[in-house]
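K.L.:
So the chains spell out like this:
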Amino acid sequence: GQQVMQIPQYQHVQEGEDFTTYCNSSTTLSNIQWYKQRPGGHPVFLIQLVKSGEVKKQKRLTFQFGEAKKNSSLHITATQTTDVGTYFCAGVSSNTGKLIFGQGTTLQVKP
Amino acid sequence: DAGVTQSPTHLIKTRGQQVTLRCSPISGHKSVSWYQQVLGQGPQFIFQYYEKEERGRGNFPDRFSARQFPNYSSELNVNALLLGDSALYLCASSPTGPNEQYFGPGTRLTVT
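For the record, the sequence lines run as chains C and S. Anchor point for the first sequence: position 92 equals 92 in this note's numbering, and the numbering is continuous, going up by one each time. Anchor point for the second sequence: position 8 equals 1008 in this note's numbering, and the numbering is continuous, going up by one each time.
Since the hints were made in silico from the structure, they are not lab data. Watch out, some of these pointers could steer you wrong.
[What the hints assert, rightly or not] DSS-like mimics (lysine-lysine), calculated; alpha carbons at most 25 Å apart, straight line:
| # | chain 1 | residue 1 | chain 2 | residue 2 |
| --- | --- | --- | --- | --- |
| 1 | C | K70 | C | K51 |
| 2 | C | K98 | S | K1013 |
| 3 | C | K70 | C | K98 |
| 4 | S | K1052 | C | K98 |
| 5 | C | K36 | C | K51 |
| 6 | C | K57 | C | K36 |
| 7 | C | K98 | C | K36 |
| 8 | C | K70 | C | K56 |
| 9 | S | K1030 | C | K36 |
Only chain C is shown next, with the shape it has when bound in the complex (with noise of 0.2 Å):
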């Protein structure tokens, strides 16, 4: 079946460094969703990118997607101890109509 696959599992940063997190389907997606969960939270919604190659930016944080509608990236410029917390991707199967989330990306950003 559909798989989404997110790395890293982990990332350490100091304040300020930037965070990338890397996101792969298994299946071509009709589009990419990205959540932000807090600990003891709820997934936030961030993001839909649909168009290949599409870019997005958020203050702080720029969203891509790619050509091929298979993968997709989360990027924070300069980190803060707010963007603490897990990154999920999630994507629609052109396929099957399913959203399928990631493992997520876990993001400790030390003062």
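With the hints as your guide, set chain S onto chain C.
P.N.:
Then chain S, alone, in the frame of chain C:
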């Protein structure tokens, strides 16, 4: 505006019992999805309902069932509980289909 609400917040059940979890979507949202999240993993898709019809089902056994009511609220039922069913059960609503999901706070189910 109220977000997605779920009840109960926490639940402890014994193996073999049955449980019903409830979810109220954001007003105007017609799609409700259910996810199971085990510690350290991403949410696993269980069901999606849109306009009271099942639109998708994940790889979960038939012990799991759900329904959506005319007011778009939803229930998730799990029969014959197993220890492995212990997890955070998340409900999410969206205006249409599997697009941007707005999650509720979840129900923490513990099976002993």
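K.L.:
May I ask which of the numbered hints given earlier this structure violates, with the numbers listed in increasing order?
P.N.:
Hint 2 alone not satisfied by this model.
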